[in-house]
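**Q** Each chain, written out:
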Amino acid sequence: MALTRDQIAMRVAHEFQDGNYVNLGIGIPTLAANYVPDGIEVMLQSENGLLGMGRYPTEAEVDADMINAGKETVTAITGGSIFNSAESFAMIRGGHVDFTVLGAFEVDVNGNIASWMIPGKLVKGMGGAMDLVAGAKNIIVTMTHADKHGNSKLLQECTLPLTGVNCITRIITDLAVLEVADGAFYLKERAPGVSVEEIQEKTAGKLVVEGDIPEMQF
Amino acid sequence: MALTRDQIAMRVAHEFQDGNYVNLGIGIPTLAANYVPDGIEVMLQSENGLLGMGRYPTEAEVDADMINAGKETVTAITGGSIFNSAESFAMIRGGHVDFTVLGAFEVDVNGNIASWMIPGKLVKGMGGAMDLVAGAKNIIVTMTHADKHGNSKLLQECTLPLTGVNCITRIITDLAVLEVADGAFYLKERAPGVSVEEIQEKTAGKLVVEGDIPEMQF
Amino acid sequence: MSGFDKVVTSYEQAMQGLEDNMTVIAGGFGLCGIPEGLIAQIKKQGAKGLTIVSNNCGVDGFGLGILLEDKQIKKMVSSYVGENALFEKQLLNGELEVELTPQGTLAEKMRAGGAGIPAFYTATGYGTPVGEGKEVKEFNGRPYILEESITGDFAIVKAWKADRFGNCIYRHTAQNFNPLAATAGKITVVEVEEIVEPGELEPAHIHTPGIYVDRVIKGTFEKRIERKVLAKEER
Amino acid sequence: MSGFDKVVTSYEQAMQGLEDNMTVIAGGFGLCGIPEGLIAQIKKQGAKGLTIVSNNCGVDGFGLGILLEDKQIKKMVSSYVGENALFEKQLLNGELEVELTPQGTLAEKMRAGGAGIPAFYTATGYGTPVGEGKEVKEFNGRPYILEESITGDFAIVKAWKADRFGNCIYRHTAQNFNPLAATAGKITVVEVEEIVEPGELEPAHIHTPGIYVDRVIKGTFEKRIERKVLAKEER
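Residue numbers (our numbering), protein chains in the order written: chain P, 1 to 218; chain A, 1001 to 1218; chain S, 2001 to 2235; chain R, 3001 to 3235.
Think of the hints as simulated: they come from the structure by calculation, not from any bench. Glycine included, every Cβ here is placed at the ideal spot set by N, Cα and C. Be a bit skeptical, because a hint or two may be false.
[Said to hold, decoys possible] As a list, the in silico EDC-like pairs of lysine to aspartate or glutamate whose alpha-carbon atoms are at most 16 Å apart: (1) S:K2228 with P:E179; (2) A:K1124 with R:E3097; (3) P:K137 with P:E179; (4) P:K124 with S:E2097; (5) R:K3137 with S:E2148; (6) S:K2223 with P:E61; (7) P:K121 with S:E2088; (8) R:K3089 with R:D3070; (9) R:K3071 with R:D3060; (10) S:K2186 with A:D1098; (11) S:K2137 with R:E3148; (12) R:K3228 with A:D1098; (13) S:K2137 with R:E3135; (14) A:K1124 with R:E3069; (15) A:K1124 with R:E3088; (16) R:K3228 with A:E1059; (17) R:K3228 with A:E1072; (18) R:K3223 with A:E1072; (19) P:K71 with S:E2226; (20) S:K2223 with P:E72; (21) A:K1124 with R:E3099; (22) R:K3223 with A:D1063; (23) S:K2071 with S:E2088; (24) R:K3232 with A:D1098; (25) S:K2223 with P:D63; (26) S:K2232 with P:E61; (27) S:K2228 with P:D212; (28) P:K124 with S:E2148; (29) S:K2232 with P:E59; (30) R:K3186 with P:D98; (31) R:K3186 with R:D3214; (32) S:K2228 with P:D98; (33) S:K2228 with P:E72; (34) R:K3186 with R:D3060.
[Claimed, not checked] Pulled from the structure, derived: some chain P residues nowhere near chain S, Cβ distances all over 10 Å: (35) T4; (36) N20; (37) D65; (38) K71; (39) G103; (40) M126.
All chains, please: the whole structure from these sequences, using the hints.
**A** Here it is as structure tokens:
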């Protein structure tokens, strides 16, 4: 069965290694912070200028001067640091952030990603997404495998304006975990109960299936 | 009579306007800080990372972590600030420092300056001089008009490797105050008792003398 | 030091010299750390045809959003402008131009502008619409695009505390773009919560040294919160 | 957070992985704010053929100068190297190469290296020997040269206080190049006067956030003064 949003987040969180600095996009990526495995600690970077992002505040802790990149009220962990936006993106652009997790409209077999603009719809802007995909060492895209009309989001070539080229190496969807390499999607794991055939059917870009594909472990 | 080092410094200090941020090179330029006229206040920038450089310390105040760009022990004024070297040169390169005063081996009629390298002698480096001449809004060169062999340092074209091109607009020597414009030195003031003829004789580059040239006022 | 006293006492003085068609760089991220009073003064003065460089354009009726009401903004340079119905309307009408710029590139453009760096290479935006028409150069086998820096006729900045020399510190994440904007204005105006005596700010903790600052004014702030989210147990 | 505990207890651990022919970026200006113990450890380990990026090369017998004694340095990238007789000798012998780089360009190259900016334009050095062979481009009618950024296999940094997450602050003008060097090392090692608990350093006052730092070691420092100059009345 297709994963729920929380299950996708849970699977994403299994990618983290102890000591990783992680930037989580809005939506499913943010949920991943709730599922960091025991014994693993990550530090969250928020691109508006906060390293060591903590939980949401209590009513008493709410402070208009303390927000995250999603403009939500937030707290800092003990030992966090705060800095200006140029410093924040120096961390991102310079490859100091280990992991970025973000959503996408489309990804293709060359690791291109489209996530910010749908022609004909009002363009609101890319925010920090282009910097993040150009800068982080490891980028994980989380999204549903197909859109609500059943159209695959894993394409041979992106059709929407790009956010970045040649930068996506790992995708976690509601159906599968895939790696992007050598101009193809490599199927690595299936969601529990989801068949390779279903994944094949919903993957428009070249899919490589090598050997037995295990079910995801949580 | 030719000015002493302190008299040159005194004349330099008359260039300052109230509220100027000033960077003073080693030697005569540094002395200028002692002669800031009454009613005028300037703030000294030291390019290692200090804005609001103060006097030298007392024995009790000496601190190895508190030095100026000449690597001398120093203090900060109340209201000074300390920052890293990239920030310091952002101030300089970005044109936020109003005045730079520095020495030179040679200056020419096109505003080129040579101040860091004499071929055949060991090259120690340019330090921050190239950044300073490329960045400050106003640059004053202070030097003796001629070298110890009597050779003019104000040339038609610099012979030594340059520190910067097209950047010097004002020169204060032991004999004169000159402006550099339109491919010539314009004589503006004479040191007390020094004749226009003597200045002409010791200026190898094109010298323009318009009208009566007043003596410097201190 | 009279020549270094940057404090002004009226918003008229603070924004004196602002004219039609000027470029104004504004600090702030969303509604966090925005110079509320300086923005209100721009509205009051009524300068038109402005180019505003700011990560966002406020919301309807607050922050930079109020400058849309009298169509004072000709062009926005921003990374994200999605919280504003009036903005959307003027954009669709062709009354407003927007130059979308990646957030990190925008921050770096301001910093570079203040630091006398006219342009820099970045991988951000290569191969995307942002990179179109820009010079491309490879370093270590990777392509980068050339981005030019930004400076403004004015920079409007919100700080927490400043002294009369213009030394500023920022509070929490209200820092964001503010110190970068502060370096990049021909005239930099800082609106602060508190004016302190010189020496009260520890020299090595000063975020914006006074050399970048031309005017300081004490403001009062509403500090509207865009998205109040509480810890689970309090929801 | 075990994964974020950067503290090591021996200099061997601190400089583990340093090999011949590596590039080491060092903080410090003159003898102010130099990682004395890390430099001593490099001498002890004996790695040769090093490229050292540092504003200066210490003095005879102290600071980076001690790495000249066993000819460990192949190349210096510096703005000023004038305080060192052994340096002069090795330079004239052709045993040592020096790449003189303007001080502000050097600082910016380190910052750019750490920030993922491969190159930037600057007016500094245009028309001088520093500009020879470099790309020139005009912006607003003024010529600028293209300078490439610097990164190192190691960065060695001297801070005042750090916590175990690697968050650092610097004391007075011992800050200088240190925070820039800290961003530009593949492995960044910080030698500090004091290790404090996380939370003791105010988040907005941290000069180097821990994300840049791989190892922290508590050192003891001689802090030699290069030019002690006293106020007139005390001379």
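**Q** Does the alpha-carbon distance linking K3137 of chain R and E2148 of chain S stay inside the 16 Å limit?
**A** 12 Å, holds
**Q** Take the C-alpha atoms of K3186 of chain R and D98 of chain P, compute the straight-line distance between them, and say whether it is at most 16 Å.
**A** Roughly 13 Å between the alpha carbons, so the hint for K3186 of chain R and D98 of chain P holds.
**Q** Regarding the pair K1124 of chain A and E3088 of chain R, is the alpha-carbon distance no greater than 16 Å?
**A** Answer holds: K1124 of chain A to E3088 of chain R is near 9 Å, not above 16 Å.
**Q** Hey, K3228 of chain R versus D1098 of chain A, does the alpha-carbon distance stay inside 16 Å?
**A** This hinted pair is violated, its Cα atoms lying about 29 Å apart.
**Q** Holds or violated: K2223 of chain S with D63 of chain P, Cα cutoff 16 Å?
**A** Roughly 9 Å separates the two Cα atoms, so the pair holds.
**Q** Compare the distance between the alpha carbons of K71 of chain P and E2226 of chain S with 16 Å, and conclude whether the hinted pair is satisfied.
**A** 6 Å, holds
**Q** Can the restraint linking K3089 of chain R and D3070 of chain R be considered satisfied, given a maximum Cα separation of 16 Å?
**A** 13 Å, holds
**Q** Decide if the proposed pair is consistent with the structure: K2232 of chain S and E59 of chain P, CA atoms, cutoff 16 Å inclusive.
**A** 11 Å, holds
**Q** Should the label of K71 of chain P as a non-interface residue stand, given a Cβ cut-off of 10 Å to chain S?
**A** Nearest chain S Cβ is 4 Å from K71 of chain P, so the label is violated.
**Q** Is the straight-line distance between the alpha-carbon of K2228 of chain S and that of E179 of chain P 16 Å or less?
**A** 37 Å, violated
**Q** Given the hinted pair K2137 of chain S and E3135 of chain R, is their alpha-carbon gap at most 16 Å?
**A** Within the cut-off at roughly 12 Å; holds.
**Q** Do the alpha carbons of K3228 of chain R and E1072 of chain A lie within 16 Å of each other, as the hint requires?
**A** 6 Å, holds
Comparing the model with each numbered hint stated earlier shows that hints 1, 12, 14, 24, 27, 28, 32, 34, 37, 38 and 40 do not hold.
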